[in-house]
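Q: Quick note, the sequences are listed as chains F and C, same order.
Going by the working numbering, the final residue of the first sequence carries number 269, and the count climbs one at a time with no gaps.
Going by the working numbering, the final residue of the second sequence carries number 269, and the count climbs one at a time with no gaps.
A few of these clues could be false.
Just so you know, same-sequence chains aren't split out, so a pair can sit in one copy or run between any two.
[Unchecked claim] Straight-line Cα separation of at most 30 angstroms, DSS-like style, residue types lysine-lysine; simulated pairs:
| hint | residue 1 | residue 2 |
| --- | --- | --- |
| 1 | Lys65 | Lys39 |
| 2 | Lys23 | Lys158 |
| 3 | Lys181 | Lys63 |
| 4 | Lys65 | Lys150 |
| 5 | Lys23 | Lys65 |
| 6 | Lys231 | Lys76 |
| 7 | Lys158 | Lys194 |
| 8 | Lys194 | Lys23 |
| 9 | Lys226 | Lys23 |
| 10 | Lys150 | Lys63 |
| 11 | Lys158 | Lys76 |
Treat the hints as calculated values from the structure; they're not laboratory data.
Spelled out from the first residue to the last, the chains are:
Number of protein chains: 2
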Amino acid sequence: MEHIRRTERLAVISQILLTNPNRLYNLNEFGQMLNAAKSSISEDIELLAEACEKYGVGAVETIPGAAGGVRYRPRVSKEKAAQIVSSVAKKLSEPGRLLPGSFLYSSDVASDPEITRQLASVVAAKYMGNVPDFVLTMETKGIPFALMTAQALGAGLVIARRDSKAYEGSAVKINYISGSDNERVDTMAISRRAVKAGQKALIVDDFAKGGGTLQGMTEMMHECQIEVVGVEVMIATRQPKVKLCKDVSSLMWLNGIDRLTASCDVVPDERYLMDAASEGKVEP
Amino acid sequence: MEHIRRTERLAVISQILLTNPNRLYNLNEFGQMLNAAKSSISEDIELLAEACEKYGVGAVETIPGAAGGVRYRPRVSKEKAAQIVSSVAKKLSEPGRLLPGSFLYSSDVASDPEITRQLASVVAAKYMGNVPDFVLTMETKGIPFALMTAQALGAGLVIARRDSKAYEGSAVKINYISGSDNERVDTMAISRRAVKAGQKALIVDDFAKGGGTLQGMTEMMHECQIEVVGVEVMIATRQPKVKLCKDVSSLMWLNGIDRLTASCDVVPDERYLMDAASEGKVEP
């Protein structure tokens, strides 16, 4: 009977922890909900933590003390990260994705809930020790990736706009150089209510070429006295080598284009290169 | 020993099913990964399904046959849906949210990963019997809500833009009347590659007043020979009563404003009104 009850409790605890990554839950909450002793809940969580650890599906962490509790962190093993990034790079290298003007068609990938969730789990894993208060992105295409990253971190999301909107209230507005080729000056704005001085931000976007937009977001954060803990993009171009924004980390690189097959050569960043041994392995 | 192994398997199966809603998994995949007989996996899934059912945390469904498998559907009970919608309506009614120009400040709510995920689970529950191929939204503010709805349904996301972009390839572009007050004509565009004739779309946005944008998206779908299975918004204004788009379903209604407290009166749609009995109940 206890066996059956444990199974039920595990299903419920898993559902709550796994769908609310990085949120701290008090063991008493679970105890009340499931009508079980705290000691039983503790044992359940220990079993869950061991299983997650064993199969590399994230970490269930217990924080001791009065303000403590338990939380799920969607950690990703190095091997799993390589598999995720490689499969997306392969998809982006399919023939037919090269558009007139030498653009890479990536909107389907950048807005896919499952792909962005997986890529976000790879990025989020880097910031588990230094969790930002919010993820900042610039409208429009990077929003899904940024939202999934925010969710994986248990952080908020702030969207910078090309212009301030009446329905966002008073705004902080800056000018920035939008690219390295042309010296065009653009503006970006964020709602003043959306951020507070002293917070920490992670900057996330789907694509970087010159790095102007990323640098604009970095300057915006300085303007608001917010610390930037990192700058992460899904895809960056190899050229120009020197970007306007320093310390940009990219999951993938756009190496070059092939007009004959209308395709782009997108490769994983070297951190996510798979060794031959794991290449054939299939995971759901 | 079998008891421990079952616990481990349950943790892994839960993690995979719960983080990939609506995706069909073959029992053999789980069997191979966990090195267990198909009959054991079947029993695991039965236990998981019973527990999810019992605690109202979504449904684990088994589809028989060769093309079958198991999937998780984040169903939400009527009571839970009422709790979610009521708590968000309450938050949006807080003093200080009324902006100059009689706008409601809702960007923090509309971009919160956890709030949008919960609201999306309420919307998605309506379409489990008629799952769309993709969710369509118009940039920018509704994207998080639309993405979470797409994820809950296991569907894709398509983002309509105010203008076509070179990096989205050739586009379908339409003109539409942007509101009922003013007869302003705006344009919206979607990438031709993003959709196919014969697909089904669910239109989702964060806010509706005149309904012009929703009607624009509806017409865009007709233009592309795509069936619209529903039109869902997070908040709609009571006025104008007659919207440009018919059959709009809203989670919440903006009843009116109070300039003295700078607040808006936002209430759940009548489908999500809580009865007094469940009002005091706390759920994580």
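Q: Now tell me if each hint is right for this structure.
A: Evaluation of the provided hints:
With identical chains, the CA atoms of Lys65 and Lys39 are at most 30 angstroms apart within one copy only, with a shortest distance of 14 angstroms there and 33 angstroms across copies. In this assembly of identical chains, Lys23 and Lys158 lie within 30 angstroms of each other by CA distance neither inside one copy nor across copies; the values are 51 angstroms within and 59 angstroms between. Taking CA atoms no more than 30 angstroms apart as the test, Lys181 paired with Lys63 passes in neither setting, with 34 angstroms inside one copy and 37 angstroms between copies. Proximity of Lys65 and Lys150 under a CA criterion of 30 angstroms is satisfied in neither setting, with 41 angstroms inside one chain copy and 34 angstroms between copies.
With identical chains, the CA atoms of Lys23 and Lys65 are at most 30 angstroms apart between copies only, with a shortest distance of 25 angstroms across copies and 34 angstroms within one. For a Cα distance limit of 30 angstroms, the shortest separation of Lys231 from Lys76 inside one copy, 28 angstroms, qualifies, whereas the shortest one across copies, 39 angstroms, does not. Taking the closest pair of Cα atoms, Lys158 and Lys194 come within 30 angstroms of each other both inside a single copy (23 angstroms) and across two copies (27 angstroms). In the homo-oligomer, the alpha carbons of Lys194 and Lys23 never lie at most 30 angstroms apart, since the shortest distance is 53 angstroms inside one protomer and 49 angstroms across protomers.
For a Cα distance limit of 30 angstroms, the shortest separation of Lys226 from Lys23 qualifies neither inside one copy, at 56 angstroms, nor across copies, at 52 angstroms. Proximity of Lys150 and Lys63 under a CA criterion of 30 angstroms is satisfied in neither setting, with 42 angstroms inside one chain copy and 36 angstroms between copies. Taking the closest pair of Cα atoms, Lys158 and Lys76 come within 30 angstroms of each other only across two copies (27 angstroms); inside a single copy the shortest separation is 37 angstroms, beyond that limit.
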